[in-house]
Amino acid sequence: GDSVTQMEGPVTLSEEAFLTINCTYTATGYPSLFWYVQYPGEGLQLLLKATKADDKGSNKGFEATYRKETTSFHLEKGSVQVSDSAVYFCARDSSYKLIFGSGTRLLVRP
Amino acid sequence: DAGVTQSPTHLIKTRGQHVTLRCSPISGHKSVSWYQQVLGQGPQFIFQYYEKEERGRGNFPDRFSARQFPNYSSELNVNALLLGDSALYLCASSLGAAYTDTQYFGPGTRLTVL
Chain P
1 GDSVTQMEGP
11 VTLSEEAFLT
21 INCTYTATGY
31 PSLFWYVQYP
41 GEGLQLLLKA
51 TKADDKGSNK
61 GFEATYRKET
71 TSFHLEKGSV
81 QVSDSAVYFC
91 ARDSSYKLIF
101 GSGTRLLVRP
Chain L
1 DAGVTQSPTH
11 LIKTRGQHVT
21 LRCSPISGHK
31 SVSWYQQVLG
41 QGPQFIFQYY
51 EKEERGRGNF
61 PDRFSARQFP
71 NYSSELNVNA
81 LLLGDSALYL
91 CASSLGAAYT
101 DTQYFGPGTR
111 LTVL
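Chains as they are written, first to last, in my numbering: chain P, 1 to 110; chain L, 1 to 114.
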């Protein structure tokens, strides 16, 4: 069945470092792809999305490009801040539901 | 505009009890979905409701049920609670039931089963 695989964490970075969180998805159909962020004790917030191949989603300095040829949707940010510390979930849609990866915890140290 | 709201925020139950969780979607949204997030894992789909009808169901036992009301709010019911039902239960709303409709999540209800 459909699935999403993302890199395990935690990812620990110093402030202003470059961030990459890898995500790959099963290629069945033509899914939309998403990154959600979960801050401690909170629900999920939509960070960005892309609906077709080569689309680039962006928000708050985060970017991800829908790569059909590699079935990937890696999350990047050029300069992370302490406030970016959270758990990041990659997801794809599958009919009426979202399928999530297991999440990657990001810790940013001052 | 208010986002998705859920109640209660936290809940503690014992094994064998029943629980009802509530969700109010974003104004204008007609679809509600429920997800279970066990600690350390990604959310798992439980149900989707659209216009008061069940449109999809995940791989959960019949102890889990839900319904949607005319005002598009929704309830998730879990009977005969097990320790393994302890999780964060997330509600998401979207404009419609199309796969292209973005889902917006509420803060969740944290259920602890003792």
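Derived by calculation from the structure, the hints in this document are not laboratory data. Hints are supplied without guarantee of correctness; some may be wrong.
Unchecked claim - The calculated lysine-lysine pairs, modelled on DSS-like cross-linking and capped at a C-alpha distance of 27 Å, are:
(1) L:K30 to P:K52
(2) P:K56 to P:K68
(3) P:K49 to P:K68
(4) P:K49 to L:K13
(5) P:K56 to P:K77
(6) P:K52 to P:K68
Given the structure is predicted, the values throughout are model-derived calculations rather than measurements.
Here's how the hints hold up against the structure:
1. L:K30 to P:K52: holds (25 Å)
2. P:K56 to P:K68: holds (12 Å)
3. P:K49 to P:K68: holds (14 Å)
4. P:K49 to L:K13: violated (37 Å)
5. P:K56 to P:K77: Judged against 27 Å, a Cα distance of about 13 Å means the pair holds.
6. P:K52 to P:K68: holds (8 Å)
Checked against the numbered hints above, the structure violates only hint 4.
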